Amino acid sequence: MNPTSVLPIVEKYNNRRGSLISILEEIQSQYGYLPSEALQVVADRTGRSLVDIYGVATFYKAFRLKPRGKHLICTCLGTACHVRGGPSIAQEFEGQLGIKRTGETTPDKEFTLETVMCLGACALGPIVVADGHYFPNVTTSQVKTIIGRTREGLDKIEVQKDKRIFPVEVACPRCNHTLMDPDHLVDGHPSIRVTVSFGEEHGWLRLSSLYGSYTIETGSEIPMGTIAHFFCPHCHAELIGASNCMACEAPMVPMIVQGGAIVQICSRRGCRSHMLDLDATAVT
Amino acid sequence: MEKYLLPDIRDLHRIDVYEAHGGYKAFRKALQMKTEDVTEEVKKSGLKGRGGACFPTGLKWTFMPKQSDKPKYLCVNGDESEPGTFKDRQIFEFNPHLMIEGTLIAAYAMGGSISYIYVRGEYGKWIKMIEKALHDAYAKGYIGQNILGSGFSTEIIVHRGAGAYICGEESALMNSIEGDRGYPRVKPPFPAQNGLWGRATTINNVETISNVPLIIDRGWEWYSKIGAPKYPGPILVGVSGHVNKPGVYELPTGVPLLEIIHKYAGGVPGNKAIKAVFPGGSSTMVLRGDQLEGVCMDAESLKAAGSSVGTAGLIVMDEDTDLIKVIARIAKFYYHESCGQCTPCREGTGWLWKILNRFENGEGRWEDIDLLLDVANNVEGNTICALGDAAAWPVQSMVRRFRDEFERRAKIPRPKVLEAVAV
Ligand SMILES: Cc1cc2nc3c(=O)[nH]c(=O)nc-3n(C[C@H](O)[C@H](O)[C@H](O)COP(=O)(O)O)c2cc1C
Ligand code: FES
Numbered sequence: 001m002n003p004t005s006v007l008p009i010v011e012k013y014n015n016r017r018g019s020l021i022s023i024l025e026e027i028q029s030q031y032g033y034l035p036s037e038a039l040q041v042v043a044d045r046t047g048r049s050l051v052d053i054y055g056v057a058t059f060y061k062a063f064r065l066k067p068r069g070k071h072l073i074c075t076c077l078g079t080a081c082h083v084r085g086g087p088s089i090a091q092e093f094e095g096q097l098g099i100k101r102t103g104e105t106t107p108d109k110e111f112t113l114e115t116v117m118c119l120g121a122c123a124l125g126p127i128v129v130a131d132g133h134y135f136p137n138v139t140t141s142q143v144k145t146i147i148g149r150t151r152e153g154l155d156k157i158e159v160q161k162d163k164r165i166f167p168v169e170v171a172c173p174r175c176n177h178t179l180m181d182p183d184h185l186v187d188g189h190p191s192i193r194v195t196v197s198f199g200e201e202h203g204w205l206r207l208s209s210l211y212g213s214y215t216i217e218t219g220s221e222i223p224m225g226t227i228a229h230f231f232c233p234h235c236h237a238e239l240i241g242a243s244n245c246m247a248c249e250a251p252m253v254p255m256i257v258q259g260g261a262i263v264q265i266c267s268r269r270g271c272r273s274h275m276l277d278l279d280a281t282a283v284t
Numbered sequence: 285m286e287k288y289l290l291p292d293i294r295d296l297h298r299i300d301v302y303e304a305h306g307g308y309k310a311f312r313k314a315l316q317m318k319t320e321d322v323t324e325e326v327k328k329s330g331l332k333g334r335g336g337a338c339f340p341t342g343l344k345w346t347f348m349p350k351q352s353d354k355p356k357y358l359c360v361n362g363d364e365s366e367p368g369t370f371k372d373r374q375i376f377e378f379n380p381h382l383m384i385e386g387t388l389i390a391a392y393a394m395g396g397s398i399s400y401i402y403v404r405g406e407y408g409k410w411i412k413m414i415e416k417a418l419h420d421a422y423a424k425g426y427i428g429q430n431i432l433g434s435g436f437s438t439e440i441i442v443h444r445g446a447g448a449y450i451c452g453e454e455s456a457l458m459n460s461i462e463g464d465r466g467y468p469r470v471k472p473p474f475p476a477q478n479g480l481w482g483r484a485t486t487i488n489n490v491e492t493i494s495n496v497p498l499i500i501d502r503g504w505e506w507y508s509k510i511g512a513p514k515y516p517g518p519i520l521v522g523v524s525g526h527v528n529k530p531g532v533y534e535l536p537t538g539v540p541l542l543e544i545i546h547k548y549a550g551g552v553p554g555n556k557a558i559k560a561v562f563p564g565g566s567s568t569m570v571l572r573g574d575q576l577e578g579v580c581m582d583a584e585s586l587k588a589a590g591s592s593v594g595t596a597g598l599i600v601m602d603e604d605t606d607l608i609k610v611i612a613r614i615a616k617f618y619y620h621e622s623c624g625q626c627t628p629c630r631e632g633t634g635w636l637w638k639i640l641n642r643f644e645n646g647e648g649r650w651e652d653i654d655l656l657l658d659v660a661n662n663v664e665g666n667t668i669c670a671l672g673d674a675a676a677w678p679v680q681s682m683v684r685r686f687r688d689e690f691e692r693r694a695k696i697p698r699p700k701v702l703e704a705v706a707v
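In the order they appear, the protein sequences are chains A and B.
Read in order, the letters of the first sequence correspond to residues 1 to 284 in our numbering.
Read in order, the letters of the second sequence correspond to residues 285 to 707 in our numbering.
Next comes chain B alone, as it looks inside the complex (with noise of 0.2 Å):
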């Protein structure tokens, strides 16, 4: 299958390379086109946000103000901090250009006057690499006045982060670049209507962004016949854990998972089994291996499969793992990361890692399995932001899925009482 995001081209972070290929050609396009017509022709490619939220793209534009004498903003989202993903460094380092053009043309669809692109922290040498690239494309007057002598003038700025998960959220983010604690904000109101400096912002992800000049280059009928329907596109597919050749992969959308592990990833090493998989980043529902004929990696059959694509970021555990120690580290990780605003979250993601420390140490007791979901269940839904979902979603489908595990491992069993009555 041709590939759009990471093609095989050499040196393609180079702005000659490319624009060898083809570069920055969707840019001048979109200038000579009615703004409301780009917009229209990324809605009606069916590009869905690639960030996890799976929010159609073009929708989200049509939010932004028209007519508005005061700055719009538009930042991109490579916090990427979601473990299990690593896919938009891979278009930092292999394919800036196409993010940068992106970048441009949402903000040229939206009049856009800044564009932050925000990175997480860690991600310092990436961080250079797209410094350069922005400077590669400001020194050919791709960015900044008049650009192209369109009449039409935009800004792109780097942002680097500090280290918190929760600046992925969106609202977060507006605050960590506002220079505060990354707290996400009570919505409404929505960016669209009152995000970064009180002003209207959109926010997209690295790979949603750089999905877009294929949309305006090509045409959106033909990017809607990429992969499935009713999520097209190619997609990044990042995966990991028991696999022999785990990393990134461009597919179309709709690939099965099984496809994915078995013929890309090169199998489970030594052929084991698949005891289970989180099909999107450690935020989505588990799924067990043996549930996984006929999955996609499409929002349609994980939705169906009960789970979601989140951001396509494929974790495989073979049949040896232990899942308690697995899920123990997963709550661990969102009781840190938590920001501690709403009470339901900050105290419910300790609890859940408590419970489960308790599993891990083999002092668990029947009855915290429930209380394992009772937890879950008050934390879901009932936060400013969707760390709490991202939390609760993978302990309640581990609980649901795996509840054998967790009975075997309580120290305290099955009380006696219950059988008698089932007898």
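Pulled out of the complex, with its shape left as it was, chain A reads as follows (with noise of 0.2 Å):
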């Protein structure tokens, strides 16, 4: 890792006290745990002794000082869910990925297999967690396929099972014409057609009209964590709004329901942040 990356992470918090942990934070969800160079960064730059900041990211078990594999399975222990029959999922666990102990990393750095003490779930033990999704009443013959769900991809969304997604047709605020292609399917239904910009690049982006589910196709690949311009292919207008996004601050892109709602997606290429709004009249 190159450490002055780091820099502009502790340099916002500009020494505030009570920050240390703060920058630790944001500094394991860029790189998924906290690097030893990132650290003599924070010491450098804060003046605070690196024992002093060692000390703090030993202390939590939110900090790890270890990468960690692409998916993180987590079988809790506390009390209700070891009597519950908790210790013999996380065998189960051990055995199938290979795992010799707690706490490491199968060699492929897929899976890494940890143990927690209680999650404020024990009603539902023995739970595990697998990338943050909860999985109640585990008993060792469903390990096998939390570990295949959990390889697929959790957040991938069943589109024909779940009842949580429907169907929304949408048109441009702007100049009231629809948004949506019937030729092009996007999970099965008509998709939302859409130009985007972002930095040099312009291009098409189509969404799912499912309400709930994330899938797009793009011409041009938007890398993460960029905030794209949506365009009206009709009007040219950009679709933008009034409000930002509550999760990640970017603007929202409004779009209009048909039969009077405002339907607002977040620009921000890999925030899920969405939102119905059904009193709102459309804003031109």
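There may be inaccurate statements among the hints.
If we take Cβ atoms under 8 Å as the criterion, some of the chain B residues that face chain A in the derived model are [to be verified]:
1) GLY368
2) GLY405
3) ASP464
4) SER566
5) GLY590
6) THR605
7) VAL610
Restricting the straight-line Cα-Cα distance to at most 20 Å, the calculated cross-link-like pairs of lysine to aspartate or glutamate (EDC-like) are [unchecked claim]:
8) A/LYS61 - A/GLU25
9) B/LYS412 - A/ASP131
10) B/LYS416 - A/ASP277
11) B/LYS412 - A/GLU26
12) B/LYS313 - B/ASP292
13) B/LYS409 - A/ASP131
14) B/LYS556 - B/GLU543
15) B/LYS700 - B/GLU651
16) B/LYS529 - B/ASP602
17) B/LYS318 - B/ASP353
18) B/LYS412 - A/GLU25
19) B/LYS412 - A/ASP277
20) A/LYS61 - B/GLU691
21) B/LYS424 - A/GLU25
22) B/LYS609 - B/GLU577
23) B/LYS416 - A/GLU249
24) B/LYS556 - B/GLU577
25) B/LYS327 - B/GLU603
26) B/LYS638 - B/GLU691
27) A/LYS12 - B/GLU462
28) B/LYS609 - B/GLU647
29) B/LYS416 - B/ASP602
30) B/LYS409 - A/GLU249
31) A/LYS61 - B/ASP464
32) A/LYS12 - B/ASP464
33) B/LYS616 - A/GLU114
34) B/LYS350 - B/GLU377
35) B/LYS412 - A/GLU249
36) B/LYS309 - B/ASP321
37) B/LYS409 - A/GLU25
38) B/LYS409 - A/GLU26
What the hints contain is simulated information worked out from the structure, not anything from laboratory work.
Computed from a prediction, not measured in an experiment: that's the story for all the values here.
A virtual CB, placed ideally from N, CA and C, is assigned to each residue, including glycine.
From the two separate chains plus the hints, produce the assembled complex.
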């Protein structure tokens, strides 16, 4: 890693007191762990001793000094999950993944196995958390499925089966022209077509019209984290609203839903914020 | 029984729904009252802390300096890391505005300029829900400058923990907010004199704070008549372990434990007998299943039975449970979570775990049974914070109440000499 890349993170906090944990959190979210070079930079810049920084980094369970696998599976061994069979679940994971001790990562760097002492979900024990998804009342026979589904990606939504997903038909808030493209299906439904620009690039983007699905197709790959500008392919007006994303502060992109509501999606690639606003009237 | 903390109202987490059901009415009422009258009301209601230590809430508030030109702080403790405890999360999810309203009333009563809601790091999803609720409350003018034209100003900030049980301890929590290791501080000075950033601070549990709007809205007399007289109010009881319907149940205090297990939590699977329960989370004294008759979820009753309410997290273990394994696991937890400042706790929790591990592996010795008690007794009361006690109590009570289990499992049995003397 290049140690200078953590400078902006440290400098952002301007040595404000109480900011060390936040700095470490940001570094970790960037690298997936806390590289020792990065901690040295934090020490130099904040004027605190490296011992202090390590003290905080090793104190909290959320921080890791070693890189982690692509997927994290965590079995609860708190008292309530323990009496309901947590240890045998943990063992089954160790066996299936070929991991000798919890805390270790598989040689292919796919899975890291950890245990936790209680997740505050005791009523659903034994609990397993895979990549942030909770699996309640786990039995040893489900372990294999959980590993399989985690490897495939748990964020992938089963469009056909998931009842939370429904199709919306949208139009441009400026010219009211429909944005639907019935000839090109995404997720098996007519897609929403817009033009986008980011940096020097300019191209098209198709979104799934299923509210709750994140499937997109693009002409040129938009890098994760980039904020794109969205345009109507008919009137060429920029689709831009008054509000910013509650999760990442990027501008929200408004589109009119047939029947009067407004759907807004975040303009940052990878951010999954979206909302359906039923009371709003169209902004022009 | 009517539910107040978690009523069955759809979408109560939304501010408009909350307001439609009388939400923020208590806060408006409080703003019309003198600050010391608000505190007095809470004091008279008899509300006691739901975070484990059972301290009278109103009394705690009176420790805060009345006249002060320095900022004062309130910390709402949602670290919730005690195994068997999962009640505060229900408030975050289903009634976050009740907590926010309670926080506002408390901040008003004590003149708090900033309140921190400290939420355990693993609760990522709920942190977002709380942030959304706060955002809405700010937008409606319940939080911020010159609230509702009253001249009172206060801020609320969500602070995300980073995964350490000890940070639930109030002084460790303050160090954690300050960005340091969560080491508990030596008391005195108490937080009300010298707390967060060196200023006067009060720490209350999420559930405790969520009771405050009820008291202000309906008055202390009404509140003090709910449930057990010396420990009144609604209480969120979390039931887990070997029961058919584990979950969080809102009940008046004082409901018999057996009624909670059988009537609310659907009894024990396979109608097995209950071997043991932890009545208030894993750091309370364990009770024998055949000891439960007449014991209620009430501070007094549980004290008389030789335990405590703790966080009202009832963990049920049926007759087939291997209690040695359970207690070894709990000991390992405290060993892992001990912050390491105090020698008795750092070393003692490790020894407790090692010895219990011997029993688990069939290597226990007869004299180890008393050694366990000896170590536990030397940890209890000899540490900066109560983690030492929390580690000692379950072990002490397990050895005292289930000594036969340990004796049966000991590899080296009772020395013959003793028997000869007995004859
Ligand atoms: C090791 C340890 C862990 C604790 N964890 C918590 C916790 O997770 N949540 C909590 O509310 N109180 C916890 N407490 C109790 C707090 O120190 C404090 O007494 C409580 O938050 C005060 O609130 P109350 O008066 O409303 O109960 C813990 C105490 C100790 C010693
Ligand atoms: S013990 Fe597993 S969630 Fe509490």
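Right, here's what the structure says about each hint:
1. Interface hint status for B/GLY368: upheld, as the beta-carbon distance to the closest one in chain A is roughly 5 Å, under 8 Å.
2. Among the interface hints, the one on B/GLY405 holds; its C-beta lies about 5 Å from the nearest C-beta in chain A, closer than the 8 Å criterion.
3. Checking B/ASP464 against chain A: minimum C-beta separation of about 6 Å stays under 8 Å; hint holds.
4. Taking 8 Å as the C-beta contact cut-off toward chain A, the hint placing B/SER566 at the interface holds, the least distance being around 5 Å.
5. Taking 8 Å as the C-beta cut-off, the interface hint given for B/GLY590 is violated, the closest approach to chain A being about 19 Å.
6. The interface hint given for B/THR605 holds, since its Cβ lies 6 Å from the closest Cβ of chain A, which is under the 8 Å cut-off.
7. Taking 8 Å as the C-beta contact cut-off toward chain A, the hint placing B/VAL610 at the interface holds, the least distance being around 6 Å.
8. This hinted pair checks out: A/LYS61 and A/GLU25 have alpha carbons roughly 12 Å apart, not beyond 20 Å.
9. A threshold of 20 Å between alpha carbons decides the hint, and for B/LYS412 with A/ASP131 the separation of about 17 Å falls inside it, so the pair holds.
10. Pair hint B/LYS416 plus A/ASP277 holds up; C-alpha atoms about 15 Å apart against a cutoff of 20 Å.
11. Restraint check for B/LYS412 and A/GLU26: the C-alpha separation of about 17 Å stays at or below 20 Å, so the hint holds.
12. Only pairs whose Cα atoms come within 20 Å are accepted, and B/LYS313 paired with B/ASP292 is rejected, the gap being roughly 24 Å.
13. For the suggested pair B/LYS409 and A/ASP131, the alpha carbons sit about 13 Å apart, so the restraint of at most 20 Å is met.
14. A threshold of 20 Å between alpha carbons decides the hint, and for B/LYS556 with B/GLU543 the separation of about 16 Å falls inside it, so the pair holds.
15. Taken as a hint, the B/LYS700 and B/GLU651 pair is honoured in the structure, with Cα atoms around 13 Å apart against an allowance of 20 Å.
16. In summary, the hint linking B/LYS529 to B/ASP602 is supported, as the alpha carbons are separated by about 14 Å, within the 20 Å threshold.
17. Pair hint B/LYS318 plus B/ASP353 holds up; C-alpha atoms about 18 Å apart against a cutoff of 20 Å.
18. Straight-line distance between C-alpha atoms of B/LYS412 and A/GLU25 comes to about 17 Å, which keeps the hinted pair within the 20 Å bound.
19. For the hint pairing B/LYS412 with A/ASP277, the CA-to-CA distance comes to about 19 Å; that is within 20 Å, so the pair holds.
20. A C-alpha spacing of about 37 Å is found between A/LYS61 and B/GLU691, which places the hinted pair above 20 Å, so the restraint is violated.
21. Annotation: proposed proximity of B/LYS424 to A/GLU25 is violated, straight-line Cα distance about 31 Å (limit 20 Å).
22. Pair hint B/LYS609 plus B/GLU577 does not hold up; C-alpha atoms about 26 Å apart against a cutoff of 20 Å.
23. For the given pair, B/LYS416 sits about 14 Å from A/GLU249 by alpha-carbon distance, which is consistent with the 20 Å threshold.
24. Distance check on the hinted pair: B/LYS556 and B/GLU577 sit about 16 Å apart at the alpha-carbon level, within 20 Å; holds.
25. For the hint pairing B/LYS327 with B/GLU603, the CA-to-CA distance comes to about 43 Å; that exceeds 20 Å, so the pair is violated.
26. This hinted pair checks out: B/LYS638 and B/GLU691 have alpha carbons roughly 17 Å apart, not beyond 20 Å.
27. Of the supplied pair hints, the one linking A/LYS12 and B/GLU462 holds, its CA atoms being roughly 17 Å apart against a limit of 20 Å.
28. The straight-line distance between the Cα atoms of B/LYS609 and B/GLU647 is roughly 13 Å, inside the 20 Å bound, and the hint therefore holds.
29. A hinted pair counts as satisfied when its Cα atoms are at most 20 Å apart, and B/LYS416 with B/ASP602 does not qualify at roughly 41 Å.
30. Restraint check: the Cα-Cα separation between B/LYS409 and A/GLU249 comes to about 18 Å, which is no more than 20 Å; the hinted pair holds.
31. A hinted pair counts as satisfied when its Cα atoms are at most 20 Å apart, and A/LYS61 with B/ASP464 qualifies at roughly 14 Å.
32. Between A/LYS12 and B/ASP464 the alpha-carbon distance is near 19 Å, which keeps this suggested pair within the 20 Å criterion.
33. Under the criterion of a C-alpha separation no larger than 20 Å, the hint pairing B/LYS616 with A/GLU114 is consistent with the structure, at around 16 Å.
34. Annotation: proposed proximity of B/LYS350 to B/GLU377 is violated, straight-line Cα distance about 34 Å (limit 20 Å).
35. Restraint check: the Cα-Cα separation between B/LYS412 and A/GLU249 comes to about 14 Å, which is no more than 20 Å; the hinted pair holds.
36. Between B/LYS309 and B/ASP321, the direct Cα distance comes to roughly 17 Å. Compliance with the 20 Å bound is thereby established for this hinted pair.
37. Simply put, B/LYS409 and A/GLU25 have alpha-carbon atoms about 17 Å apart, close enough for the 20 Å limit, and the pair holds.
38. Of the pairs offered as hints, the one joining B/LYS409 and A/GLU26 holds, with about 18 Å between alpha carbons and a cut-off of 20 Å not exceeded.
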